[in-house]
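Here the protein sequences come in this chain order: A and B.
For reference, each letter of the first sequence is one residue, going 1 to 103 in the working numbering.
For reference, each letter of the second sequence is one residue, going 104 to 280 in the working numbering.
Bear in mind the hints are in silico, worked out from the structure with no lab data behind them.
Remember, it's a predicted structure, so these values are computed and weren't measured experimentally.
Using N, Cα and C, we set each Cβ at its ideal position, and we do this for glycine too.
Just so you know, not all the hints are guaranteed correct.
Quick list of the computed label-pair ranges, beta carbon to beta carbon [as the list claims (entries may be wrong)]:
hint: 1; chain 1: B; residue 1: 140; chain 2: A; residue 2: 94; range: 42 to 50 Å
hint: 2; chain 1: B; residue 1: 278; chain 2: A; residue 2: 30; range: 56 to 64 Å
hint: 3; chain 1: B; residue 1: 133; chain 2: A; residue 2: 94; range: 48 to 56 Å
hint: 4; chain 1: A; residue 1: 103; chain 2: B; residue 2: 120; range: 54 to 62 Å
hint: 5; chain 1: A; residue 1: 94; chain 2: B; residue 2: 261; range: 25 to 33 Å
hint: 6; chain 1: A; residue 1: 23; chain 2: B; residue 2: 160; range: 47 to 55 Å
Sample of chain B residues with no beta-carbon within 12 Å of chain A, all distances over it, derived [as the list claims (entries may be wrong)]:
hint: 7; residue: 201
hint: 8; residue: 203
hint: 9; residue: 206
hint: 10; residue: 208
hint: 11; residue: 211
hint: 12; residue: 212
hint: 13; residue: 223
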Amino acid sequence: MSGRSVVRLLCSAWFGRAFFGGALIAASLIFVVAAGAQQPDGPKPDAPAPADTPASAGGAPATAPAPASGPDLKTTLGRAPKDIPLVDPCKSTHPPSYCNVKD
Amino acid sequence: MSKTDQPSRSDRLSRVLSYLVAITTILGIPVGLYGYYSSQQANRVNRTFDFYKDFRSDTLQKDFSLLVEQWNAKATDVEALLEKNDQAGLGQLVSSLLQSDEAQTALTQLVLFFDETYSCVDKALCDNNAAFALLKNPADQIFSMYGSYLTTVRQHNPNYATGILKVRALAKTWSLL
């Protein structure tokens, strides 16, 4: 048996094994990808209302976006919303020193 | 003729199969890894969203609303102190807001919540960008209102309210997934 035919024999045996091995690996990978694709992309249907949508009960927005500039919230809505600070010291003209604290 | 053709056909088939194997392997491994990391990432986002749901739960919303309502009740005083740049006065006002047990408990609950949240993000069990999008703003609001009190306590106990500060300082990171 010449050296060339030995190499050919080895290669063909390797390819044969590699083919089945490759098919096995590919099948596993496809399974992993399919499992990954089944993960939900966003909030679940039973998730609470997002911050910028009206809450299911009560009518008042959960966290309505605070207007950058505009009418006072107190006068617009009749009363202060429960979870929006009316004054933000860190955004005032003279922010207190603690606003710059970084951990 | 057929005897000489047979090995050549077999060789060709073997070569085609080997190419297929190589292509499948080369493409399959990155695609598989991408799928694996995507699923891991989705789990991290879900975990962060669970924290957000906790924040929106009745208990924490009650605490948060209590602190905001107390703050809003003194909005005029705060504005006046800010106009005068009276930081000591603002600190005293904030301390007076936190005199009641109810307010102290509410703040403690929120501090603990943000400590847990940041711990999750820090250990890469939660997603940084999801935490940035969902929880940075509330942390910012709490610190903006009660920051003077929190920094005073931190002078004696540097680990206090670290979560609020860290979540407040979160920045969006680039991600392939």
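A quick look at each hint next to the structure:
1. Checking the proposed 42 to 50 Å range against residue 140 (chain B) and residue 94 (chain A) shows it holds: the Cβ atoms sit about 47 Å from each other.
2. For the hinted restraint 56 to 64 Å between residue 278 (chain B) and residue 30 (chain A), the CB-CB distance of approximately 24 Å leaves it violated.
3. For residue 133 (chain B) and residue 94 (chain A), the Cβ-Cβ distance of about 54 Å falls inside the hinted range of 48 to 56 Å, so the restraint holds.
4. Distance hint for residue 103 (chain A) and residue 120 (chain B): a CB-CB separation of about 59 Å, consistent with the stated range 54 to 62 Å.
5. Separated by about 27 Å at the C-beta atoms, residue 94 (chain A) and residue 261 (chain B) satisfy the suggested range of 25 to 33 Å.
6. Taking 47 to 55 Å as the suggested C-beta distance range, the pair residue 23 (chain A) and residue 160 (chain B) conforms, at roughly 49 Å.
7. No beta-carbon of chain A is positioned within 12 Å of the beta-carbon of residue 201 (chain B); the least distance is around 15 Å.
8. A cut-off of 12 Å between C-beta atoms confirms that residue 203 (chain B) is not in contact with chain A; the least separation is 17 Å.
9. Residue 206 (chain B), annotated as away from the interface, keeps every beta carbon of chain A farther than 12 Å; the closest lies near 15 Å.
10. A cut-off of 12 Å between C-beta atoms confirms that residue 208 (chain B) is not in contact with chain A; the least separation is 17 Å.
11. No beta-carbon of chain A is positioned within 12 Å of the beta-carbon of residue 211 (chain B); the least distance is around 18 Å.
12. Separation of residue 212 (chain B) from chain A is adequate, the least Cβ-Cβ distance of about 15 Å exceeding the 12 Å criterion.
13. Listed as outside the interface, residue 223 (chain B) is consistent with that label: its C-beta sits roughly 16 Å from the nearest C-beta of chain A, beyond the 12 Å cut-off.
The structure fails to meet hint 2 from the earlier list, while all remaining hints are met.
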